[in-house]
Amino acid sequence: MTQPNSQGAPARAALVTGGTSGIGLAIARRLQQDGLRVAVLDLDRPQAREVARGHGFTFVGADLSRREDCRRAVDETVAALGGLDVLVNNAGFQHIDPIAAFPEDTWDAMLHVMLTAPFLLSKYAWGFLTRSGQGRIVNVASIHGHVASPFKSAYISAKHGVIGFTRTAALEAGEQGLTVNAICPGYVRTPLVEGQIADQARTRGLSEQEVEQKVMLEPAAIKRLLDPEDVAALASYVVSPAAWGMTGAVLDLDLGWTAR
Numbered sequence: 018m019t020q021p022n023s024q025g026a027p028a029r030a031a032l033v034t035g036g037t038s039g040i041g042l043a044i045a046r047r048l049q050q051d052g053l054r055v056a057v058l059d060l061d062r063p064q065a066r067e068v069a070r071g072h073g074f075t076f077v078g079a080d081l082s083r084r085e086d087c088r089r090a091v092d093e094t095v096a097a098l099g100g101l102d103v104l105v106n107n108a109g110f111q112h113i114d115p116i117a118a119f120p121e122d123t124w125d126a127m128l129h130v131m132l133t134a135p136f137l138l139s140k141y142a143w144g145f146l147t148r149s150g151q152g153r154i155v156n157v158a159s160i161h162g163h164v165a166s167p168f169k170s171a172y173i174s175a176k177h178g179v180i181g182f183t184r185t186a187a188l189e190a191g192e193q194g195l196t197v198n199a200i201c202p203g204y205v206r207t208p209l210v211e212g213q214i215a216d217q218a219r220t221r222g223l224s225e226q227e228v229e230q231k232v233m234l235e236p237a238a239i240k241r242l243l244d245p246e247d248v249a250a251l252a253s254y255v256v257s258p259a260a261w262g263m264t265g266a267v268l269d270l271d272l273g274w275t276a277r
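Just add 17 to the spot in the sequence shown (first one is 1) and you have our numbering.
No wet-lab data here; the hints were simulated from the structure.
Please note that a few of the clues may not be correct.
What the hints assert, rightly or not - FRET-style restraints, in silico, Cβ to Cβ:
#1 227 - 71: 33 to 41 Å
#2 50 - 220: 36 to 44 Å
#3 276 - 122: 16 to 24 Å
#4 88 - 125: 18 to 26 Å
Every residue, glycine too, gets a C-beta built ideally from N, C-alpha and C.
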């Protein structure tokens with residue numbers, strides 16, 4: 018049931034991709050706490066549906082490597098929530114391989130999910146977002162949208178592309194009252210990163226704490242992993258009415274990583 022806000026209008030509606038774990042789940046929960054009605058998109062698996070149900074989210078099952086699923090995801094969200102005001106492009110995954118050994122199909126899948134899908138979802142949602150009056154697109158990029166690291170060629174290519182897409186879309190959307198911004202976090206303590214820490218501890222013969230401090234956080238000024246809620250707090254502001262004048266921004270939440 019649609020809940021009205023204090024002015025009697027329906028609460029704003031948001032779609033968060035990759036919204037049943039990690040950063041996406043934290044953003045979805047924060048937006049819900051802020052009074053938005055939230056749909057979360059993820060691969061259609063029982064665990065993802067259960068997470069959505071447990072938090073009172075609308076669940077949209079989709080494979081973002083498929084163009085038709087991107088269009089259907091927007092249509093299902095609008096049908097369920099009665100409109101769309103906020104799109105958070107967060108879904109992604111990481112694959113670590115040297116270029117010479119990088120599987121071509123993995124490259125294709127990663128760029129589809131992390132670069133093509135944000136474009137397509139934004140395209141299909143554009144009409145709803147511009148009619149909203151408070152339309153917001155938030156692209157979750159990464160510090161790797163600015164800098165490179167070895168063995169992450171597809172990931173880094175996609176994140177650099179997301180920043181370019183963000184800036185271009187912001188210029189096209191400005192006169193329609195739709196803002197488009199990117200958030201670039203450093204390493205965040207998610208299940209994916211926890212797995213990477215454990216793997217590197219085994220292969221390098223280090224403790225997990227040493228991997229965090231000496232490997233992942235070595236370039237950072239603040240030697241502490243971010244929590245998903247830290248990213249969600251920034252996303253909360255970016256989609257708020259107070260951020261109406263912020264567009265085309267690339268917001269670094271990187272522990273000082275790129276200050277050098």
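Hints, one by one, checked against the model:
The hint said 33 to 41 Å for the Cβ distance between residue 227 and residue 71, and at roughly 36 Å that hint holds. The supplied range of 36 to 44 Å is met by residue 50 and residue 220, whose beta-carbon atoms lie about 39 Å from each other. Hint check: residue 276 to residue 122, Cβ distance near 37 Å, so the stated range 16 to 24 Å is violated. A hinted range of 18 to 26 Å for the beta carbons of residue 88 and residue 125 is consistent with their spacing of about 19 Å.
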